[in-house]
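Following the hints, put chains B, C and D in place on chain A, whose structure we already have.
There are 4 protein chains.
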Amino acid sequence: AGGLYQLSKAGKLCVPAMNVNDSVTKQKFDNLYCCRESILDGLKRTTDVMFGGKQVVVCGYGEVGKGCCAALKAMGSIVYVTEIDPICALQACMDGFRLVKLSEVIRQVDIVITCTGNKNVVVREYLDRMKNGCIVCNMGHSNTEIDVASLRTPELTWERVRSQVDHVIWPDGKRIVLLAEGRLLNLSCSTVPTFVLSITATTQALALIELYNAPEGRYKQDVYLLPKKMDEYVASLHLPTFDAHLTELSDEQAKYLGLNKNGPFKPNYYR
Amino acid sequence: AGGLYQLSKAGKLCVPAMNVNDSVTKQKFDNLYCCRESILDGLKRTTDVMFGGKQVVVCGYGEVGKGCCAALKAMGSIVYVTEIDPICALQACMDGFRLVKLSEVIRQVDIVITCTGNKNVVVREYLDRMKNGCIVCNMGHSNTEIDVASLRTPELTWERVRSQVDHVIWPDGKRIVLLAEGRLLNLSCSTVPTFVLSITATTQALALIELYNAPEGRYKQDVYLLPKKMDEYVASLHLPTFDAHLTELSDEQAKYLGLNKNGPFKPNYYR
Amino acid sequence: AGGLYQLSKAGKLCVPAMNVNDSVTKQKFDNLYCCRESILDGLKRTTDVMFGGKQVVVCGYGEVGKGCCAALKAMGSIVYVTEIDPICALQACMDGFRLVKLSEVIRQVDIVITCTGNKNVVVREYLDRMKNGCIVCNMGHSNTEIDVASLRTPELTWERVRSQVDHVIWPDGKRIVLLAEGRLLNLSCSTVPTFVLSITATTQALALIELYNAPEGRYKQDVYLLPKKMDEYVASLHLPTFDAHLTELSDEQAKYLGLNKNGPFKPNYYR
Amino acid sequence: AGGLYQLSKAGKLCVPAMNVNDSVTKQKFDNLYCCRESILDGLKRTTDVMFGGKQVVVCGYGEVGKGCCAALKAMGSIVYVTEIDPICALQACMDGFRLVKLSEVIRQVDIVITCTGNKNVVVREYLDRMKNGCIVCNMGHSNTEIDVASLRTPELTWERVRSQVDHVIWPDGKRIVLLAEGRLLNLSCSTVPTFVLSITATTQALALIELYNAPEGRYKQDVYLLPKKMDEYVASLHLPTFDAHLTELSDEQAKYLGLNKNGPFKPNYYR
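Here the protein sequences line up with chains A, B, C and D, keeping their order. Numbering-wise (the numbering used here), the first sequence opens with residue 2 and increments by one. Numbering-wise (the numbering used here), the second sequence opens with residue 2 and increments by one. Numbering-wise (the numbering used here), the third sequence opens with residue 2 and increments by one. Numbering-wise (the numbering used here), the fourth sequence opens with residue 2 and increments by one.
Check before you lean on any hint, since a few could be wrong.
[Claimed, not checked] Pair ranges (Cβ atoms, derived):
hint, chain 1, residue 1, chain 2, residue 2, range
1, D, TYR270, C, ASN144, 40 to 50 angstroms
2, C, LEU8, D, VAL124, 45 to 55 angstroms
3, A, PRO172, D, LYS221, 51 to 61 angstroms
Hints are computed from structural coordinates only; laboratory data are not their basis. Glycine is no exception: its CB is placed at the ideal position from the N, C-alpha and C atoms.
So here's chain A without its partners, still in its complex pose (with noise of 0.2 angstroms):
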């Protein structure tokens, strides 16, 4: 989605496009829930680590590291938590976590995960300090949170001891366990489950139908959020798979709260 707001600034977008990566459903279920199982999914399958008492330091503290710290804590990990942006920071103060610099706690953790969608985040630097046996990966949008290529160096032995594991073994036998090549461990290394398959297609399908429906006009070459009631379609269509039973605004109450009884039930900003 940043891209595409990158292009609407510098005005070559040249058709509408929908933001369906900040719709909450899209958010919500890709990126907390689904992260909150794929952290724990793609660390067994490729380690086998126990989590028990492990520190683990979660870099981001957005909708994916909010998911991989609310795991790791439940399964009894020590979690700190590295923020750039204060009001993530402060609520992973109020969830639990120490909020540090990654240098404060980098020799003494056992496993890193970036979730930033920032680049070069955890830099040779740290890779360097980290204590042997340490586990390295990236739950974030990109290749580039772990700098993978400052370890494609002369002095460091590469070991592939299993697929999607490498040991980046140092001169003095120190090992670090870098998963997926620093790629995307929720995609290479877990499952997607198709609830979370489902509510991501049919968000999407939904954007386009009303991208190509809509009477001209109504969209220009811009980026724009899905509205909230196909957002709100999207999560009713999912109900039933839980015996969900929603509750249906009276006349007086929707009159009372100013609300179609059918829904949008949230100003377009709510999260």
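This is chains B, C and D only, laid out in the frame that chain A set:
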């Protein structure tokens, strides 16, 4: 904030207004994080109820409802949720709560908590069907969620058992424990931590300063969300309390992300 | 219970005694489940402290410590644990708590909670190093865990700020918030739920009935654990409160397990 | 361990035996902490199921059941528990799980997990009533908990969909997903962390050394629990893995508690 938007729609807003209620820090702290604690505190101080094993229904899964549910689940309660909005409903499912209509569980629950912002959520019909000893309270934003007026009828006896606690007694001897006469439990029977007050007050003060200092024309007679950067500033002022250490973007990273190193770090709609 | 065993060892116990304190129901309810709630309640009623983001050290990871840690972790506190027993220490690790010596964290924590049953766990040396505003309280079984006597010296000023809450003030202005003068927080500043009282009282009554009714010779002048079957009976009496439905063994299953269909279902040492 | 006690009762045990299975470290790690992780791992590797929002029934709330329930609850599943033992049943209630008979929920659950050590817990009658797609697996100690033999009948079709995963297909098309043909999921479809193996192996080795070295007469032809001190020793050997720092008793404290400074720190029955 709802009222401001209604005034604005009706063209009756005669000054610019900031909707500080929907800034991230306000929302999360005043609603989610504060209520996560005050629901337990309010119930304990008034009723000394043990949470473990209790069946609870929480009406509404916005920030307040999320906080109440998380706290009670953590204390060993079995929590059911009601919702009108399919997005919030789906979140309740993914967080491990059965989504029900109130009528499905009203006979079996030990505690009923309203967090909807709506009116007449718990009406006499439901009160009639609650079991003996059921505790009823309101964590939403008004005193209208529980239809308390419907309980002021001759066949029901009210007994004030202690400050903020009434027993409403049915002819067959059944007692409902009504807290704060249906007004806000968190304000009536719990305390608001100074930390939360500080965040809310800072947000309000910054909003006023911004409105006062803004060059003419920046704000019209409309409702505005607090600029993201100010929201982030409020958060950053409160990080030292937790000895929390923020990470700074390098120049290269800021460029990669297309961000100013000092923020804002997220689009305005980000929550 | 410790006292009984010491009497017995010394040959000074002149009647049979039941160690009801170590029956499973008593241990779990009076200690684990009750303290999980009363630590929050006791702290809120006395200090109105917000738990989210606070750093807390809990001394002792027995049932009481486990309850305190679980509750505070769930409320978003960052919890450290001290222990002398390696088994409990390892459990703390697996439950996600850093196991430290008190001296490692005493300067940084916001709350200190003792749950050891030991004496002089928090001594003057530690009190001197706590930060301004640090809250100190005792959830263990005596008033000896915090060396309160060491604070009754001329250079320190005591200020009673409200019932059960003293500020102890150092010459440099630092204040420590001492709760209940070091006596039990859960008894002094919280309430014991009737459900827990019921379990404890039932256990004690059954133990007395058993000692009274037992045929001569069943019990000598020694300390006995409550027979498993009675422990199970106490539990079964309290299940209807939760509308809990027990499964019955079939004859075939009871035979397979070598159990009587009516219990006891576990060996005596099972906890 | 049950077998040893039966042999002993029958007078057929011809050597001393250690019940290492019931030592605290073995119980907690091999059962509680290991299963807390392997239930998620085993289900993911075989079925890629998403846990969030799923309804699950766990049969048995011993250490294994407690681990399974805690993990699934943390991942957002809605968990029901069945139990025969009122003490464990009451614990399930206090931990926030509805205690039901299997027949009450069998039609609605998405996943059925057995952890009882019993036989014929999930019989054909229940399998007939499960909904389409229901996953059935066994985390208990034998292959007898699910009556798999009852599914080997002509009207049902078996389809092996992948290693360790069978679809059993009813005439109406309903499919049950049976894992590991009813054998142990944690051993068949997950991995046992080296940390857990190390604890178990250390416990077993110490037990053998003790039996071998013990002076004549210390052990008769009976079943013994591992001496507490050895149990503690096993734990202490594994603390450095977590960089965990144990506190030492002072002489004064040891005297106060009536303990040796080097342990054992708890009575033998302590769990």
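Right, here's what the structure says about each hint:
1. The hint said 40 to 50 angstroms for the Cβ distance between TYR270(D) and ASN144(C), and at roughly 27 angstroms that hint is violated.
2. Roughly 52 angstroms separates the CB atoms of LEU8(C) and VAL124(D), a value that falls within the hinted 45 to 55 angstroms.
3. Checked against the hint of 51 to 61 angstroms, the C-beta distance between PRO172(A) and LYS221(D) comes to roughly 58 angstroms, which is consistent with it.
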